[in-house]
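Student: For reference, the chains in residue letters:
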Amino acid sequence: MTTRPRLATDVNYVNGLAALALFAVMGYVFMTSELGMPAGFADGSITASIGYAMFDMLDQAAIEAEGFLVAFIVIALVLDAALDGAVMLARREDDESVVAAITDGGRPLSGRESDGADAETATDDVTGGDD
Amino acid sequence: MPVAGPIEALLAVTLVGALAVFLAPDEWAGKLATAISLVPVAVSAWMYTAFDGAGNALLGGDLAFESTIGWVQLGRYELAYHVGLDGISMPLLLLTTVLTTLALVSSWTPIDERQSQFYGLMLLMEASLIGVFSALDFFMWLVFWEAVLIPMYFLIGVWGGPRRKYAAIKFFVYTNVATLIMFVGFMALVFGLGDSISTFDMPEIAQALRAGGNLSAVAGIQPANLSLIAFTLMFAGFAVKVPVFPVHTWLPDAHVEAPTPVSVMLAGVLLKMGTYALLRFNFTMLREVAEANAAIIVAFGVLSIIYGAMLALAQQDLKRIVAYSSISSMGYVIVGLVAFTPHGFGGATFQMISHGLISGLMFMTVGVIYNETHTRMVGDISGIADRMPWAVGIFVAAAFGYMGLPFMAGFAAEYLIFQGAFASSVIPAAPLVTGVAMFGIVIVAGYLLWAMQRTLFGEYSLATDYDVSRAPVHDVAPLVVLLALVIVLGVRPGLVYQMIQDAVNPLLDTALQGGVALW
Amino acid sequence: MVVDIAGFQVADWVALVPSLILGVTAMLLFIVDSIEPRPGTSSNTVLAGLSTLGALGAFLVAGYFLVLGVGQPRGTGAVDLFNGQLVVDGMSLFFVVIVGSVTALVTLASYDYLEGQEYQAEYYGLVIMAATGMSLMASANSLATIFVSLELSSLPSYALVAFLKKNRGSVEGGLKYLLVGALSSSVLVYGISLVYAASGSLQLNAVADALAGGSSVPVGILGVGIIMVLLGFAFKTASVPFHFWAPEAYEGAPAPVSAFLSSASKAAGFVVAFRVFLTAFPEVGGLAGGDPMVDWVTAVTVLAVVTMTVGNFAAATQEKVKRMLAYSSVGHAGYALIGLAALNAPDQGFVLGASMMHLLVYGFMNTGAFLFIALTEHWGIGRTFQDFNGLSTQAPLACAAMTVFLFSLAGLPIGGGFISKLYLLAATAQAGSWLLGAALIVNSALSLFYYSRVVKAMWIEDPSADLEVDSYPSSLYAAVVIAAFVTFALLPAFGLLSPSAFDAASVLFG
Amino acid sequence: MAGAFDFVPAIAALPLLAFVVSLFAGQYMPKRGAEAGILATAGSLVLSIWTALTVAGITGSATSYNENLYTWVAGVADGAVTLRLGVLVDPLTALMLVIVSLIALLVHVFSLGYMNDEGETGLPRYYAGLGLFTASMLAFVFSNNLLMAFMFFELVGLCSYLLIGFWFREDGPPSAAKKAFLVTRFGDYFFLIGVVGVFATFGTGLFAPITEGGTVVAESFPQMAEHALEDGESFFGYSAQTWITILGMLVLGGVVGKSAQFPLHTWLPDAMEGPTPVSALIHAATMVAAGVYLVARMYGFYLLSPTALAVIALIGGFTALFAATMGVVKQELKQVLAYSTISQYGYMMLALGSGGYVAAVFHLTTHAIFKALLFLGAGSVIIAMHHNENMWDMGGLKDRMPVTYWTFLSGSLALAGIVPFAGFWSKDEVLFEALIHGFGSTGTLGTMFLVAYAMGLLAVFFTGFYTFRMVYLTFHGDARTDVARDPEPVGWNVKGPLSVLGIGAATVGLINMKPIADLTGLHIDFLHKWLLGPEEGGWPALTSTGLHHYEELMHNVAGIDPAYPLGETTTLLVSALVSLSLALAGVLVARSLYNEPEPVEHTDKLGGAKTLLMHNYYQDEYQVWLAQGVTVPLARAADKFDQGVVDGVVNGISSVSLFTGSRFRRIQSGVVTNYAALMTLSLVLLLVVFVVLGGGV
Amino acid sequence: MAIQTQYFLLLSAAVFCIGVYGILTRRNALVFLMSVELMLNAANINLVAFSFHHGNLTGQVFSLFTMALAAAEVAIGIGIVLVLYRNFEDIDVTKAATMRW
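If you read the protein sequences in the order shown, they are chains H, A, F, Z and G. According to my numbering, the first sequence holds residues 1 to 131 in order. According to my numbering, the second sequence holds residues 1001 to 1519 in order. According to my numbering, the third sequence holds residues 2001 to 2510 in order. According to my numbering, the fourth sequence holds residues 3001 to 3697 in order. According to my numbering, the fifth sequence holds residues 4001 to 4101 in order.
Read the hints as simulated data drawn from the structure, not as lab findings. Quantities reported herein were computed from a predicted structural model and do not represent experimental measurements. All C-beta atoms, glycine included, are put in the ideal place defined by N, C-alpha and C. Do not take every clue at face value.
Stated by the list, open to error - A few chain F residues facing chain A, derived, Cβ under 7 Å:
hint, residue
1, Pro-2413
2, Leu-2422
3, Ala-2429
4, Gln-2430
5, Gly-2432
6, Leu-2435
7, Ser-2444
8, Lys-2456
9, Pro-2473
10, Ser-2475
11, Tyr-2477
12, Val-2481
13, Phe-2494
14, Gly-2495
15, Ser-2498
16, Pro-2499
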């Protein structure tokens, strides 16, 4: 029962090798790439320019950037949706009674004893799976 | 051009009829479907008498009952509803309508559950088959071509024998793959024609290909090789439908499991789709490749004939015997086609008709006997002639028809094929090859006579526990009609052979050069 | 800025109306949700009706715009909005049509499906929000916009998959979807950052311009970026190797959500992929001639082959219909990828158009198939193939519809799937991509096998004694039947939409 | 003006009508369809005689007739042959028409006694079969081209099948019917190739050219072959000579099958399972003659190929001897007759092969009469014996059924070749022709003829022996069973035909008493003149089926010439004496062995040869082995191959796919960490392939 | 003297791969989410660095959006982890493996 992060003792190091391999490839590619010297920013307030860029007021920005107004509006929607979704998921029903789980039909599932749920959380009748 | 011609009427009647039959109660679905199917028979019979086509549909001949409607614009290509008949498709259309009606009548006895679905599907199949034989736009043709599979799948799967599910899915997947392969081949040709072609109109494509020099490279493949590849792919695809050795194994399973009327349609009409397509596509559009590879193609034909017949010889199940012999019979068509002679083409086409009738007759007769005995195994029945004299009489007649008895349609067809193939300048060592192919007529006699001796004659006995009596009239009536047709066509092949010749002769008009041999 | 739509001089943002309709609907649903007196008291009818209307509106307006020529060469030409952050052209409208129609079907079907469930307002809100994101993806023309709109479609989807909070399958599906999604979005955003590193821009046309220079482009960095971006989209389209979420999410999710994700979300993923790769990277991929800098065409070819193979082969041996459909959905992603793979063809618009048409038809047939699953879940008859045995005796209409879906998915001429699949095959032939063609044939055959297993169960097998269907939920039925009708009608009426697809596709190739 | 020739098609059409009437209405007729058959065959006989008279010039000037009447398949394109049905009437045709319709009529009448009076069921089917057979046979006879001949050749085969298998409820007849059809089908296979080849080579199958006002409008294929030979053309890569030989040999396949020549003779003894009238009509007098008739019909073609002639002669001579030896040990009446039939047709082949055209036709004629007689006589005995055919159960029937005995004796004398019965004259001429041509022809051809002659001569002895063994066992001595003591009486419908034929067997030889004619100088070789034609020049040269033409060809092309080692008259007499004395020797041996009250089997004296003969030289065995020991296992093997390999591949692909699928789905382990690992790995892989290796760096 | 941009790339790659490593080796759902955050931030490093490299602010601005998104993602993520715990009594991501193959 993990209720809080602990130092993991069952770490799967073998999988980790994939990450190392990825790093090796990426590192190789990056270090062999030819990149010129940084151009650096033009003079002016970076923060203000960021603000202008966010609202598509590019003509007022000191440092050039693309407009991000659409992204800005959309990110608002994203946060909205995330909030809604998170609340929906997190909310605890007052009523702890079990709602019929629609995806599991009323008939026994074949071939998978462990499917469905424990007796107290699901209505599934997992007896006698036929194949 | 008139839009509502007789072909449209045929399609409409069968489709609407199918719908009506689906909704009809089981009790009279069979009668209703039969009644509906009489309309196509009448219409197609009228069409036969009013037939005014001339020449080959794909090579600029005059089409009968032609109509064209724009359908879909797909990228650069224009798809159209384009139908019409020539001397090749008219007899096949007639075969379809007649055989469907007879098959429907022969269903009355064996089909006793889910009848409205059965008869509805049969009519759907008829509609698709009519489409296959009349469509002249490749894509529309393909729609009908594939649409045939769907009713067939259900007809075998629902009403078939013990292994019906296996047979149905095998038939389904096998022929579907074949279609896809063939499709790639044809599309490669269309793309090879490049800008000169902006439709899928088969006549246009065929004429562009035969004009020569219109092909250009596709994806780096040079025109000569392109046509060889296209030919190979299309041949492989159609060969499954025919079927040609070694892609025939779906057929016996499908036949054995299918209920009798479905076997009748399968052997009688569906197999002809394959040879019809071979004739229309491979041998019309890519004649030069076919000629260059005649040796290989004829080898497949001869192999199918002999091998199919040998397999038939080893079978115990009457239906299986007829099924394998269908492979053999269709092999003759291949040999006839590849001969590139007037009688070769004509005989091959005539064989499609005649085999359609005769194999339909054979299957129906076996079905009639099965209806009474509930077995088809050679060892289980003997002396059935004692109890069902008329059915057995027709069986004997049908069997001799199958063996190629003169004055029955089969002899005319096979003789013409042999005549055409013998004189072929395309087939290497044509006389010898023809002679080998002809040996099929001996083997076919062997297994049919053997089967008849064992089942029909001798002392009466039956392994299954059924009381055998004379077959009901509505079982025998279709047999009589078919037998009559077989004899009429055998005595007077010209009834359809005239128009067939008229349509196939243009195929030989121009000599084409430059076909690449596979090796 | 003013554009001419059907003779009216209107502001250019009008072209965005379909997406706006969806966005506004989503907001309305949130409002309904927040003003309801107690959670769950809002009328199901109002919610479902509102969302269906919104989706339908988006669909109709987008379709109407397509007819009018908005965003297309014969009409206004592509409408650039917000300095190229968004673009409304034939392709975007085409995909909004797909998204809108699928969403409408899904919300219609959900009316019955959600009966008695809590959080209905949230459900519809999230669906429409995700749909908004998808419609924006269709129009997004900058990597930034693409990323955020992609997330707008993803985040609600995670929640939707886990919507059945008490159902372990649903939650597990949601979790896997979330985790794989999170991983994928970080890969995507990392890829975007590398593309930015190579080009200095996020706006697609600017990226293309920057990369067209050639010599000074750090090809290695760009290559890593492109591959990562590709994989980011692979997640959205449920393509190998980022498809792992799909079988579980589709299986666990409520069936309408599965329908939604496997049809609309996939289509949206494809439109983004099409747009990014064909607007920003054509020269990099060598489409303009010459050697490719980063051969993403071949990469996509490999992914397409592997995707269709993995999807179909795994689907072939499933026991549960829904999971089979999930895998088949992966397989179809592989088919649609042909649009980006067989680009060696002389007529590239043909290839891409075929892919787009396939996604359109797929939208209807696959949605229909999953909604049929929703129906069976509603009936509670079980999920395995055997559970469907003899279902046609109880529900012939629904089974007939399902047959249409499955056979159309398999590419038989009973629905538009026939033509679209053959067109994809033709595209491979034209491009000479024999590998793709062969893979398509093999997989198509295999798919016919497993699709017909369902058909066989429904029509051929005998029903078990206890099979009983006691209700015929009208809206679910309506959705299934409409989907079936459209699937079927797309066979003869394929030509109504295909010119739009081919035109829109051709435009992308200049 | 409607002459006889306009009614020739009706000769076949009448029995065809009888077929239809018997089949559908026979069961409502008092004689179950026999009426229709008798009327029709009587009509055919009348028309045939009228035709023959017309040909002979009795009803006007002598003439022949050759017209195409029906276009079966019209070849539209260039190079597409047109296939027609037509009528050719020349002396040969006319003669054969009379024979066939006469015997058909008699057999129909006889059947009233054999079938109707015996209370058989299924008689409409029987008479329908007879009617169809008669129609087909007659149409075959007047066919004017090879294809038409083939078509009716096949139809008579069908009728043979149906009639042999008439008693289908028993096991034997259906099996025999199958064998008969199958074996002849095997021969017909070659025949069909020959037909196709002839049409492909010459574009026509006409036996004789069609003339119009003295000019040829359609050439015949023997003529075209002749021209090709003269012009040194080549066909299909072969010289004309070789190709003609090939075609001739192919057609010969059908002949050998139908005329029951070695090695395809095995079906005929089995065919005796059929009703005896059927045996008489089909398996003795007419259908079996079809093969020989065909060779005679296209004799102008065979004369172009000495090789083919030699083969024909050898087959004929060998078969004559071979079958005769087997006839020696048979115990059943009809079996003896069956082998005798095979043997006699061997003589005809011998004659044809060795240039004895007239002799062959002569023997064909006489044999038709006396063999039909013998079979009908046997039928009469069988009726009397309650369908017991074993000669060892008979004996002493002479006194109880005198009509049968005397007519049978007449037939037997004819068969044995005892002067002056019909068989003597014809058989003698056959042997004589073979002899003189054997001496006269050059090179190996002459040697072959002599070999064939020797075999034929030897067979004469056996013929005399088995014939009279049969007569003695059946009619002489004491009755050996109760049935034989009290045989069932037979009616007029049996005796009538027997009488007609019995007189015929005694007298028909008079039509061509060549030796007498040669000795006396009287022109009584009527058949020779009949075939030669009424005038000195024979038939118009254009007809090309006349004897005159054949004689030219024999001399010019085949190199067959007569030579008389002992002088013409002496040779003739010696030849006749030798064959007659051999025949008499055979008769006497039979008499000494079997003409006693209680004859016993002497076959044991043959030692090892007995087994061989009883088993028919194991001909059946090896053919059955070919069918069941070779073909069936081969078919089974093919079936195994098909199920296992061809279909196995199909099923294997499916299994492999599903197995692959079941492995692929294991990738989806359900553990999200594994997914992440796989995603990472594939990312690495893609990066390596498309960035590092792909030239990106 | 600005630092070579390549080293920023290397750094971001390192951070990215550490994130991947975390995902691959740890089973705790929350750790999984944290690792994803690391990967997102690796992208941010790139964006900011190349913003400077190219001399435009596009990357910088975009990095802000990335962060916002990360937050949204975590919100949903936490929600799902919550229901996961309620259903499986655990937040071990490998435990929720009832659906497979």
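Student: So, for every hint listed, does it hold in this structure?
Tutor: Status of each hint after checking the structure:
Checking Pro-2413 (chain F) against chain A by beta carbon gives a least distance of about 4 Å; that is within 7 Å, so the hint holds. Because the beta carbon of Leu-2422 (chain F) sits about 6 Å from the nearest beta carbon in chain A, less than 7 Å, this interface hint is met. Taking 7 Å as the C-beta contact cut-off toward chain A, the hint placing Ala-2429 (chain F) at the interface holds, the least distance being around 4 Å. A hinted interface residue such as Gln-2430 (chain F) counts as satisfied when its beta carbon comes closer than 7 Å to some beta carbon of chain A; here the least separation is about 5 Å, so the hint holds.
This hint holds: Gly-2432 (chain F) has a C-beta 2 Å from the nearest C-beta of chain A, less than the 7 Å allowed. Violation of the interface hint for Leu-2435 (chain F) is found here, the shortest Cβ-Cβ separation to chain A being roughly 12 Å, above the 7 Å cut-off. Nearest Cβ of chain A to the Cβ of Ser-2444 (chain F): about 6 Å, under the 7 Å cut. The hint holds. Interface hint at Lys-2456 (chain F): satisfied, since its Cβ lies 6 Å from the closest Cβ of chain A, which is below the 7 Å cut-off.
Given hint, Pro-2473 (chain F) at the interface with chain A, is violated; its Cβ is 23 Å from that chain's nearest Cβ, farther than 7 Å. With a cut of 7 Å, the hint placing Ser-2475 (chain F) at the interface with chain A is violated, because the nearest CB-to-CB distance is about 25 Å. At its closest, the beta carbon of Tyr-2477 (chain F) sits 18 Å from a beta carbon of chain A; the interface hint therefore is violated under the 7 Å criterion. Interface hint at Val-2481 (chain F): violated, since its Cβ lies 16 Å from the closest Cβ of chain A, which is beyond the 7 Å cut-off.
Below 7 Å, beta-carbon pairs count as interface contacts, and Phe-2494 (chain F) has one with chain A at about 5 Å; its hint therefore holds. Taking 7 Å as the C-beta cut-off, the interface hint given for Gly-2495 (chain F) holds, the closest approach to chain A being about 3 Å. Contact between Ser-2498 (chain F) and chain A, as hinted, is supported at the beta carbon level, the nearest pair being about 6 Å apart and thus within 7 Å. Hint status for Pro-2499 (chain F): holds, given a least beta-carbon distance of 5 Å to chain A, under 7 Å.
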